[in-house]
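If you read the protein sequences in the order shown, they are chains A and B. When we follow the working numbering, the leftmost residue of the first sequence carries the number 1, and every step to the right adds one. When we follow the working numbering, the leftmost residue of the second sequence carries the number 1, and every step to the right adds one.
Check before you lean on any hint, since a few could be wrong.
[Said to hold, decoys possible] With a straight-line Cα cutoff of 20 Å, these simulated EDC-like cross-link-like pairs (lysine to aspartate or glutamate) come out:
(1) 102/B with 53/A
(2) 102/B with 75/A
(3) 102/B with 82/A
(4) 49/B with 100/A
(5) 102/B with 54/A
(6) 49/B with 15/B
If you're looking for bench data, these hints aren't it; they were derived computationally from the structure.
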Amino acid sequence: ETGVTQSPTHLIKTRGQQVTLRCSSQSGHNTVSWYQQALGQGPQFIFQYYREEENGRGNFPPRFSGLQFPNYSSELNVNALELDDSALYLCASSSGQGQETQYFGPGTRLLVL
Amino acid sequence: AQSVAQPEDQVNVAEGNPLTVKCTYSVSGNPYLFWYVQYPNRGLQFLLKYITGDNLVKGSYGFEAEFNKSQTSFHLKKPSALVSDSALYFCAVSARGSSASKIIFGSGTRLSIRP
Numbered sequence: 001e002t003g004v005t006q007s008p009t010h011l012i013k014t015r016g017q018q019v020t021l022r023c024s025s026q027s028g029h030n031t032v033s034w035y036q037q038a039l040g041q042g043p044q045f046i047f048q049y050y051r052e053e054e055n056g057r058g059n060f061p062p063r064f065s066g067l068q069f070p071n072y073s074s075e076l077n078v079n080a081l082e083l084d085d086s087a088l089y090l091c092a093s094s095s096g097q098g099q100e101t102q103y104f105g106p107g108t109r110l111l112v113l
Numbered sequence: 001a002q003s004v005a006q007p008e009d010q011v012n013v014a015e016g017n018p019l020t021v022k023c024t025y026s027v028s029g030n031p032y033l034f035w036y037v038q039y040p041n042r043g044l045q046f047l048l049k050y051i052t053g054d055n056l057v058k059g060s061y062g063f064e065a066e067f068n069k070s071q072t073s074f075h076l077k078k079p080s081a082l083v084s085d086s087a088l089y090f091c092a093v094s095a096r097g098s099s100a101s102k103i104i105f106g107s108g109t110r111l112s113i114r115p
């Protein structure tokens with residue numbers, strides 16, 4: 001186990017709703033990255049937070065937003081949910097940027113109906 | 001732009017035989033390269049990474065990978081496969097010098113080890 005935890009484990013929402021996913025980073029890590037993994041695909045980078053500031057963003061619309069707190073835990077918020085948002089959302093923490101290894105949590109599986 | 005290709009959707013190997021899972025990458029400049037494994041309904045587990053130095057990298061569970069700059073490849077290998085190695089394997093690349101640790105993942109290769 002990596003020490004990265006995510007909640008909830010599973011979630012069902014309907015189209016148009018909003019969702020908040022949570023991630024607690026591994027002790028000593030100050031960087032959190034979020035990924036979306038659709039069924040049968042590799043994870044896609046959503047964004048990264050370093051010391052409470054967004055530090056890079058992938059090709060996701062603004063309705064995907066996030067926060068990082070002083071204890072380095074993080075939230076991913078998705079507004080106006082669409083059916084295609086159904087996926088496994090993975091959080092990864094690391095002790096810095098660049099070559100630092102990212103350690104992944106178990107993920108939150110989101111189903112949008 | 002960064003990209004990673006895993007040309008095989010599935011690799012089948014008999015237990016005890018050597019295994020190779022292929023990965024090629026494209027990135028501006030020198031890369032950081034990673035291998036992760038994913039078991040059903042689980043997150044990704046780190047196996048190994050290449051940062052610099054020796055082209056042969058040793059990782060967890062007896063896995064190793066060889067960095068080949070001329071062929072832009074980073075194939076994952078293991079001398080003797082175990083049934084418990086059956087899982088989904090992802091190769092990933094990060095650009096050296098990038099301000100964010102944006103990792104680009106391949107599409108994954110499902111490894112199946114038959115007894």
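Okay, the hints, checked on the actual structure:
1. In summary, the hint linking residue 102/B to residue 53/A is supported, as the alpha carbons are separated by about 15 Å, within the 20 Å threshold.
2. Between residue 102/B and residue 75/A, the direct Cα distance comes to roughly 18 Å. Compliance with the 20 Å bound is thereby established for this hinted pair.
3. Taken as a hint, the residue 102/B and residue 82/A pair is broken in the structure, with Cα atoms around 25 Å apart against an allowance of 20 Å.
4. For a cut-off of 20 Å, the pair hint linking residue 49/B to residue 100/A stands: about 9 Å separates their Cα positions.
5. Note on residue 102/B and residue 54/A: the hinted pairing holds, with a Cα-Cα distance of about 12 Å set against a maximum of 20 Å.
6. Distance restraint check for residue 49/B and residue 15/B: the Cα-Cα separation of roughly 25 Å exceeds the 20 Å cut-off, and the hinted pair is therefore not satisfied.
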